[in-house]
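Listed in order, the protein sequences are those of chains L and H. Sequential numbering of the first sequence, starting at 1, is according to the numbering used here. Sequential numbering of the second sequence, starting at 1001, is according to the numbering used here.
It is worth saying that the hints were derived from the structure and are not from the lab. In this text, a Cβ means the ideal position worked out from N, Cα and C, and glycines have one as well. Hints should not be assumed to be uniformly reliable.
Said to hold, decoys possible - Between beta-carbon pairs, the in silico distance windows are: (1) 76/L with 1460/H: 18 to 26 Å; (2) 1151/H with 247/L: 31 to 39 Å; (3) 1529/H with 247/L: 35 to 43 Å; (4) 83/L with 1404/H: 47 to 55 Å; (5) 187/L with 1404/H: 38 to 46 Å; (6) 1422/H with 319/L: 33 to 41 Å; (7) 1297/H with 239/L: 19 to 27 Å; (8) 1037/H with 76/L: 41 to 49 Å; (9) 373/L with 1208/H: 43 to 51 Å; (10) 373/L with 1206/H: 43 to 51 Å.
Residues per chain, in single letters:
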Amino acid sequence: MRVPNSVLHPLILTGLAAGDPGAQSQPGRREEPERPRLSPEDTDGPIEPRQVRALCAQASQALLQGDYARARDLYRSALEIDEGNRGAYYNLGLSLIKLTAYAEAVDALRSAVQVDSNYALAWYTLGQVYTDRLGKYDLAVMSMRRVVDLRPGEALGHIGLGQAYVAARDFAAAASAYRRAIALDSLDAEAYFGLGVTRETQGEAEVAEDLYLQAVQLDPVHAKAYFRLGGLRRQRGDVAGAKRFLKLFERMRPRAARISRLKSQLLSEPDNAWLHHQLGTLYSKFDLPLHAIRSLQKGLDLHSDFAPGYNNLGNVYFRHGRIEEALAMYEAAIHYDSSYAIAHNNLGSVWLLKQRLDAAQNAFERALQLQPNYAEAQHGLALVYGQRGDRAKERQALERYERMRGD
Amino acid sequence: MACRTRWAALAGCLLFGVRTLASPGGEALHWESVAASSGLVFQHVNGSSGRFFTVETYGSGVAFFDYDGDGDADLYLVNGADLPSASPTRPPPLNRLFRNEGGGVFLDATAGAGAGDGGYGMGVAVADVDNDGLCDFYVTNWGANSLYRNTGVKFLNVTAGAGVGDPHMGTSAAFADYDMDGQLDLYVANYAHIDPSAAKECFQGGVRVYCGPLDHEGVSGVLYRNRGDGTFEDRTRAMGVFTEKGRQLGVLFADYDQDGDPDLYIANDAVANFLFRNDGAAFVETALLAGVAYSDNGEPEAGMGTDFGDYDNDGDPDLIVTNYQWESNRLYRNEGDFFSDATTPAGMTAATLPFLGFGVNFLDVDNDGLRDLYIVNGHVDSNVRDYDHGASYAQRSLLFHNEGEGRFTEVGLHAGPGMTLAMVGRGSATADYDLDGDVDLCAVSNGGPAVLLRNDSRNASNWLQVKAVGTQSNRSAIGARLVLRAGTGIQSAEVRSGSGYLSQSELPVHFGLGATTQVDRLTIYWPSGKRQVLENIPANQRLTVIEPERK
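Could you build all of it, start to finish, from the sequences and the hints given here?
Now the structure itself:
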């Protein structure tokens, strides 16, 4: 028996990660807000004067809401009181990057690393600005080398160093940095992509193509890799192949942009469960179940009582036929939030699929108790009656369902 | 120059006087700003009133062309106009035509020539539209565009009869014979629907700024086919070039794939650029496949000006596009029927990031046989320093010297006072206006004066200028491809209408020859399909070549 799609509730995130600074401002958003990376150092460290904390909190809020000018001004005010606040300098830098005031952003980031020379995130961001916007490649290499010194075991720094070396046209050093990144994390698509760019620039088209293909295998929405693959095929005279990859590039470009924004936020907030949930939801929407499962699971690892996370992970499993795992996830969601109507409804769908009609009925009825106008649950109930051959109840349930939809 | 064929009394080639090269003191590359001393008094009016109407930011263009057929390049400067809420300018701003009197002097001939279009002017393109031997010109406006026909006595506005008065926000325009019938057709780029009365307010860093390209709906450009009877027909949709996805600024025709017909490249602001390949029956948009839609990472950029030029002397036209500040300009190398991104290998990434580029021209500044690059810069926000201390409204120009092997070096700071001048640069054009054998420049500053840069570089290199005159092909020879062999090397160039940003360089083609005193062979591929070969041509002359009657 096929369960109608309408029975399965669409992916939805109804909760927010505890402690997430954006939680109050972004209730129930299905799409990720475009938020800059926030320094977790904002509220860490020695006890700050209350006024500074208040200013930083307001500034963070402004930054999250996209009011970068206000964030900039508030961070500056905070720094007038506490000129040793590395997090405030870093976030001031982020605000200024958003305002495309790169020269001033560099000043702020440099102040951050002057306050704390071990501040890897600030060095990394500084290196990025030098590489991408200011064309100061020697400084970019120096900044990224500092990141690598501070965090030798993290692939990200090595990738940043590779990018800086490519910009500085030191391809041997770039290749070495990317290879180190791959050795540290063999699943990081960006490292393969970067090594591909290095090889392509050195004229090794075939090697580059293999590396780009590995990148898209690891990250099927890696638009830049498709773009490069299209270019390589074009150079080779394979017009049909070029068109195929460039079509994928065009399809993936908006998706990659959204994912990239979230990934970039996760750089500075790696333990933010909410961001992992959002990323997982996005991957699921783009039909990338393995990526979705990984991100949603990571979110749950960080925030194990987040019921919507289990529900969403259950939906990914369900859509890809992993019914037992879906069942476990819906039950976990209900375990952590017994009043979670969506999870009850989805659990009912699984029971229905497994022909456990009593259990399905209970689940749909529970969903309807919790949310009396829940049309999908009502439809599920009608299907249960239909499966039992109880036509009268089925008709009655369907009529209610139609009324709910009309409402 | 170049439209008036009566100066070429004989078919074949005519030799103009051999000149000795100027060799003033100073740097090897040396540019003097000579507008004031040349009589070039022009003040661009953008109508700015503090209300941030987007149209105020685009500036205007300039054209070098020999309207009076006396053998030297005159100047046409496009002007804006007053906008609602602006204090009226007295006298009202007009486009200006300056006649080259020789001796480096220009005289304002606007009124007598009837060339003072009073619309809110943007761009200009020049060609002998009716094949009568006289250069006509087309002006794009924010509002209805205008076509001026040169009668030999004065210019007549023939827009209505010709049917080319597109009413949108016209930017760059270019003539080309896309259907190869001997009549010059016209492409007019349009930017967006910009309605000052409905202007929304935009901010950057808490500061009021002009709204960006994506705050306005895009408008399709228009392709006009010349019927040959003084009228044009709109063939935009029929030829496959209708699209509202762009924010069109720079426009060029060039036969990039060398199949004998002109293709169309359009630089778009903040969205993917277009390359319309001419397949005879229609144009096919192929920028993505050809590698010229995006940056090397697949990102759309803020395309402003664009130019084709064979910088690597391999016989095909390469492409340059100027972009926004903190994006690099982009140099695309022609690989046959597609392009590779040569920006970084050429050394142009870091050098162009801190500038907001507009006008751009390939030109051989020192006659060494390698095409260099001139780029005019200037920000769009007059208050940019209020939100970005690393930027400035007026910016200096960039001069990239071609070192060969695909590498360029930016030498603008060491090329005389003219090149270090800060301006709010927009359109730019090239011509050897003083006929001394090197290429000079003119640029327009948004809301500021015109800048005339005389090339006083000290060099002993040789040169050749070629004025092509079509007979079966269009009279301006637009689309003619010239391939020159001197010594062991080749150079190539096309006669082209429209160049850079909103502008038009002179039609005669300039080649630097270095130490070579004679061109071994000059081959001209005429739009009609004819191929003409000239051999053993002495250097240091302006040569007029008339398309032969027979193949």
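A quick look at each hint next to the structure:
For residue 76/L and residue 1460/H, the hinted distance range of 18 to 26 Å is not satisfied, since their beta carbons lie about 57 Å from each other. Taken as a hint, the range 31 to 39 Å is violated for the pair residue 1151/H and residue 247/L, whose Cβ atoms sit roughly 53 Å apart. Checked against the hint of 35 to 43 Å, the pair residue 1529/H and residue 247/L passes, with Cβ atoms roughly 36 Å apart. Hint check: residue 83/L to residue 1404/H, Cβ distance near 52 Å, so the stated range 47 to 55 Å holds.
Roughly 44 Å separates the CB atoms of residue 187/L and residue 1404/H, a value that falls within the hinted 38 to 46 Å. As the Cβ distance of residue 1422/H to residue 319/L is approximately 60 Å, the hint placing it in 33 to 41 Å is violated. One distance hint, 19 to 27 Å for the beta-carbon pair residue 1297/H and residue 239/L, holds here, with the actual separation near 22 Å. For residue 1037/H paired with residue 76/L, a C-beta distance near 48 Å keeps the hint of 41 to 49 Å intact.
Distance hint check: the CB atoms of residue 373/L and residue 1208/H are about 47 Å apart, consistent with the given range 43 to 51 Å. Between residue 373/L and residue 1206/H, the C-beta spacing of about 45 Å keeps the proposed range 43 to 51 Å intact.
In summary, the numbered hints that this structure violates are 1, 2 and 6.
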